[in-house]
Amino acid sequence: MRVFENTCTFDYSWANVSVANWRKYCAWNTQSTHVIAVDTLDRTVDPHTGILRSERLITCKQNAPRWLLKLTGSEVSYVREVSEVDVRNKTVTLRSVNLTGSNIVSVSETVVYSPHPDAPDTKTLFTQDASITAYGAFSRICNAVEEWSVERFGQNAQKGRMGFEAVLEMSAKAFRDMKEGNKEEA
Amino acid sequence: MSASLAPECSERKERYDTCFINWYSEKYLRGSTAPSPECEALFKEYKTCLNAALKEKGIYDMIKEARKTSPNGGSGGAA
Chain A
1 MRVFENTCTF DYSWANVSVA NWRKYCAWNT QSTHVIAVDT LDRTVDPHTG
51 ILRSERLITC KQNAPRWLLK LTGSEVSYVR EVSEVDVRNK TVTLRSVNLT
101 GSNIVSVSET VVYSPHPDAP DTKTLFTQDA SITAYGAFSR ICNAVEEWSV
151 ERFGQNAQKG RMGFEAVLEM SAKAFRDMKE GNKEEA
Chain B
1 MSASLAPECS ERKERYDTCF INWYSEKYLR GSTAPSPECE ALFKEYKTCL
51 NAALKEKGIY DMIKEARKTS PNGGSGGAA
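Chains A and B, in that order, are what the protein sequence lines are. If you count the first sequence from 1, position 135 lands on 135 in my numbering, and the numbers rise without skipping. If you count the second sequence from 1, position 32 lands on 32 in my numbering, and the numbers rise without skipping.
Hints listed in this document are in silico derivations from the structure and should not be mistaken for laboratory results. Glycine is no exception: its CB is placed at the ideal position from the N, C-alpha and C atoms. Just so you know, not all the hints are guaranteed correct.
What the hints assert, rightly or not - Stretch by stretch, here's where chain A covers chain B in the computed footprint (C-beta under 8 Å, at least three residues): (1) 14-26; (2) 33-45; (3) 56-65.
Claimed, not checked - Here are the simulated lysine-lysine pairs, DSBU-like style, with alpha carbons at most 30 Å apart: (4) B:55 / A:70; (5) B:68 / A:179; (6) A:173 / A:159.
To be verified - Only part of the chain A face toward chain B is listed, based on derived beta-carbon distances under 10 Å: (7) 12; (8) 15; (9) 19; (10) 23; (11) 27; (12) 29; (13) 39; (14) 49; (15) 57; (16) 69; (17) 71; (18) 97; (19) 99; (20) 104; (21) 169; (22) 170.
Here chain B stands alone, though its shape is the one from the complex (with noise of 0.2 Å):
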């Protein structure tokens, strides 16, 4: 897997990864479309980290303004 931009989550991440991935063979694209709670909490751990890091380093109001300008997510040019 990749590393996180923060390296004090890289370790969330890559459980929360592999949880994902696993889910997402075995369950998703079998069509158990219903999310993992077991994932979610990891999830839910990595993004406190990870929010905590985007805000120190300036990038999570550049998200968030992202976000308003296109909320279906970069239709930027396509729109």
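Isolated chain A, as found in the complex (with noise of 0.2 Å):
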């Protein structure tokens, strides 16, 4: 097994964060190509505690060596995400697991994003925790699976933290020319 770890600060408040989260794969986002789809499978809010919690599919393509391809079968890769938004609390707590390929390497992650402890009303921290492993008779191809995945999982974890804040400038951009649109009405 290994384990991935990360942590960084957004200079955006939790509540933009948590919405712009929602648009995290849109077409503003041009770093993270390897996700190809998010559907949401299903969403409810507890009435007593006001956490919300989606369930999600986020349909993965990439590109892997040869090898990889041949014990997993696809470059298609489906992963099950579950989130829970406590919005009193002012957390997203997101988990995910592969779907597919599980028989071979098992690559779990959780994110959370709260506000940031020095400056809670204007920056976000985000934290990520995975643990990637392989399984198999042979140690070597453990390893040498569980070696790609890290690497693989760190290549997109930054892309994905670059695409993320693209996102976030673009709406923060838009909810400002919104602002200034219904200004320019009054």
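Since each chain sits alone in its own frame, please combine them into the complex, following the hints.
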């Protein structure tokens, strides 16, 4: 098993980040090209806690080395993500696990967005951790699968961050334009 | 917004996504957490289309299986 951990700060409020999170893989994100579709499977609000729970299916397509494709059988993979937004405590938690190829390698990731302790109104803390485990009879193959997966996971995480920054910027701009438009109309 | 894995559902998905994000930013984040009947109706339409596509692609059973093993979603390695 390998562990991947990462934290970073976004210079936007938690509310802005939590809205943009739903648009993370839209056309404004030109970096995360491995995500080709995001579908919502289920969504509920707990009437007592106000927690919004969403279940999504993320479709990925990424080129992998031929030896790995032989093991997994396909370039397209599916990830199931369950997220919870706790609006009272201001946290977004996303947990995801791969549905396909999970007999070869299991990647489970947890991401949390929360107000940054140093600047809770203007900055958001992002924490990401993932555990990657390859299954197989031969430890050499397991090691190779895990090494490739960790490397690719790290690359995708970096692209995800850059892509998300672009989405945040565009969202903020769209919001400003909307407000200015409203002012002009008034 | 992002695409649907089933192109035939993309229009319905977009209508639902737009409704959801408006509800999320204008109601939910401001403390009105009750679901929007309008969005729920659009979600039902989108879900009908999506579930048919998931069954056709053989993904539906995989999802059902995953729900059984991790009902709270992806606690997989974390639990």
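Original post:
Should the hint that residue 99 of chain A touches chain B count as held when the rule is a Cβ pair under 10 Å?
Top reply: Hint holds; residue 99 of chain A Cβ to chain B Cβ min 5 Å, cut 10 Å.
Original post:
Checking C-beta pairs, does the segment 33-45 of chain B have three or more residues closer than 8 Å to chain A?
Top reply: holds (count 4)
**OP:** Answer holds if the nearest beta-carbon of chain B is closer than 10 Å to that of residue 49 of chain A; otherwise answer violated.
**Re:** With a minimum Cβ separation of about 9 Å from chain B (threshold 10 Å), the hint on residue 49 of chain A holds.
Original post:
Are residue 97 of chain A and chain B close enough, Cβ to Cβ, to be under 10 Å, as the hint says?
Top reply: Where the cut-off is 10 Å and the nearest Cβ of chain B is about 4 Å from residue 97 of chain A, the hint holds.
Subject >> Hint validity - residue 29 of chain A Cβ closer than 10 Å to any chain B Cβ >> reply: With a closest approach of 9 Å, the residue 29 of chain A hint holds.
Subject >> Satisfaction of the residue 71 of chain A interface hint, Cβ to chain B closer than 10 Å >> reply: violated (18 Å)
Original post:
Does residue 27 of chain A pass the interface check with chain B, least Cβ-Cβ distance below 10 Å?
Top reply: Holds, because the Cβ-Cβ distance from residue 27 of chain A to chain B comes to roughly 8 Å (cut-off 10 Å).
**OP:** Double-check residue 12 of chain A for me: the hint is only fine if its C-beta lies closer than 10 Å to a C-beta in chain B.
**Re:** violated (13 Å)
Original post:
Under the criterion that the straight-line Cα-Cα distance not exceed 30 Å, is the pair residue 68 of chain B, residue 179 of chain A satisfied?
Top reply: It is violated: about 46 Å lies between the C-alpha atoms, which goes past 30 Å.
Subject >> Agreement of residue 55 of chain B and residue 70 of chain A with the hint, judged by alpha carbon distance not exceeding 30 Å >> reply: Cα-Cα ~25 Å, so holds.
Original post:
Given residue 69 of chain A was flagged as interface, is its beta-carbon under 10 Å from a beta-carbon of chain B?
Top reply: violated (19 Å)
**OP:** Under 10 Å, Cβ to Cβ, is where residue 57 of chain A needs to be relative to chain B, so tell me if that hint holds or is violated.
**Re:** Status holds, d = 7 Å.
The structure fails to meet hints 5, 7, 16, 17, 20, 21, 22 from the earlier list, while all remaining hints are met.
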